[in-house]
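> Spelled out, the chains give:
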Amino acid sequence: MHRRSRAGLKRIGLLALALVIALGAMGVAYAAWTDELYIVSFVATGNLDIDVSDCSSTFVYKVPPGGEDAHYFIGENETTEVYYYSNGTEVYYCPGSEDQNAPADGELIASAVATFDNGPTDADTATITFSGLFPEIDFRADLQLEYLGTIPTKVSIAEIAPQRPQDAILVELWELGQNGDPIKGYDPHEYGAWLEGELYPYSGGHETIYDPLGLQLEQFDMVHITLHVRLPQEEAYQNLAGLKFTGLVTVIQWNEYGVEE
Amino acid sequence: MRGRGGLNKIVVLALALLLAMGALGTAYGAWVDEIYIEGFLSTSDINTSLACGDCWEEVNNIITNDTNPAISCTGSASPLSIEVTNAQYNATATLNTHYYCEFTISNAVNSFPVTVASRSITGYTGVHEEIESLPIGTVIDPGGSATGRVHIYLTDATQATKTLTFTLTVAVN
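The listed protein sequences correspond, in order, to chains A and B.
Here the first sequence is numbered in my numbering, starting from 1 and rising by one per residue.
Here the second sequence is numbered in my numbering, starting from 1 and rising by one per residue.
Everything labelled a hint here was simulated from the structure, so no lab data went into it.
This structure is a prediction, so every number in the text was calculated from the model and none was measured.
Quick reminder that beta carbons are idealized off the backbone N, C-alpha and C, glycines included.
A couple of the hints might just be wrong.
Stated by the list, open to error - Pairs of lysine to any residue, SDA-like flavour, derived with a Cα cap of 25 Å:
(1) A:154 x A:64
(2) A:154 x B:36
(3) A:184 x B:36
(4) A:244 x B:42
(5) B:162 x B:93
As the list claims (entries may be wrong) - Just a few of them, taken from the derived set where beta-carbon distance is under 8 Å, the chain B residues facing chain A:
(6) 33
(7) 34
(8) 40
(9) 42
(10) 44
(11) 100
(12) 108
(13) 113
(14) 115
(15) 122
(16) 124
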């Protein structure tokens, strides 16, 4: 029993060793019969992104009266448009939210200032503040919207409205701006509040926007919106304080526009 | 036979559906972008006031009565009322009585600059009435004021010894 047992163990050891070598050899052979193909893929989706990319504002100064009425441009690249009136009023339409070319002898009386904040989320905001308005001056605040999205989009909402019931006089101003007042001899867009829009396609040229709803935008197209407020010489518009309004511009992918949910 | 195994599959399926719908919702939200605009508007206030100043009488450019003159001014806003009682006339110019009243127009601090657009005073036959100084176009800054003067005298005896009332109006814009 003892002799047989040792010999048996040897045989089993050899067998195991041979098996290991055979498996190893088979392994090498097996690897030789395998090939691999690596596929690296990238997936990117389109996006919708409309931002406010620029703005401009109006500043009205009281300056020493005299001289003659004049219209001229100043500033770097003549970006600021100036109207001087001999009655001592100087109106500056300038880019941005500050007047870099304010007259040294002027006292700021009233303004229409636009600012904007393109935050990290979709909730881009712009603020337009009309302060100390008085009759006859065309106060203008501009916003330039730039479409940065990769897929075409269409404007689905474009609205502006008073925020609260006590701001209802803004509706009167808006209607006066849209329709004028035939009895008083005011034409549309002469007094009151109104919007003007211009489309500047990336491909070149520009065109007036009469109805923003459904307006299609391609990447890098720009839309220039100007909000005008020009008060008539009427007592009702004097000493208005703290009026608020809101505006909303929404764009959706072009092939979803008009599709009912 | 379907028992617990079947139920497990249904629960997993429902969970997957929920996750898919959630993912779909997020994707849908990303395909809309918007710009929100906040607007504020306030207008200026013309807040001016008109007030009476000193009144006096002069003869031959010399003040003859500034304590109890025959001319007076009343009112605290436009129009002001100016009254001459027992108006005197002397055909000799150096002896004729001239009546004066000052008035002041003030612009409030919270107002904006204003310009004198017009000023007027009612009149009588045989009376010279004139607003001196404060020309049309005078600019009054917020917190500032400007003073004018009314000058009245009889040019003949038509209104002599009568009480004459004048209305002084000043408008700004």
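> All the hints need checking, so say for each whether the structure fits it.
How the hints compare with the structure:
{"no.": "1", "hint": "A:154 x A:64", "result": "49 Å, violated"}
{"no.": "2", "hint": "A:154 x B:36", "result": "16 Å, holds"}
{"no.": "3", "hint": "A:184 x B:36", "result": "35 Å, violated"}
{"no.": "4", "hint": "A:244 x B:42", "result": "9 Å, holds"}
{"no.": "5", "hint": "B:162 x B:93", "result": "19 Å, holds"}
{"no.": "6", "hint": "33", "result": "5 Å, holds"}
{"no.": "7", "hint": "34", "result": "4 Å, holds"}
{"no.": "8", "hint": "40", "result": "5 Å, holds"}
{"no.": "9", "hint": "42", "result": "5 Å, holds"}
{"no.": "10", "hint": "44", "result": "4 Å, holds"}
{"no.": "11", "hint": "100", "result": "29 Å, violated"}
{"no.": "12", "hint": "108", "result": "11 Å, violated"}
{"no.": "13", "hint": "113", "result": "5 Å, holds"}
{"no.": "14", "hint": "115", "result": "7 Å, holds"}
{"no.": "15", "hint": "122", "result": "24 Å, violated"}
{"no.": "16", "hint": "124", "result": "32 Å, violated"}
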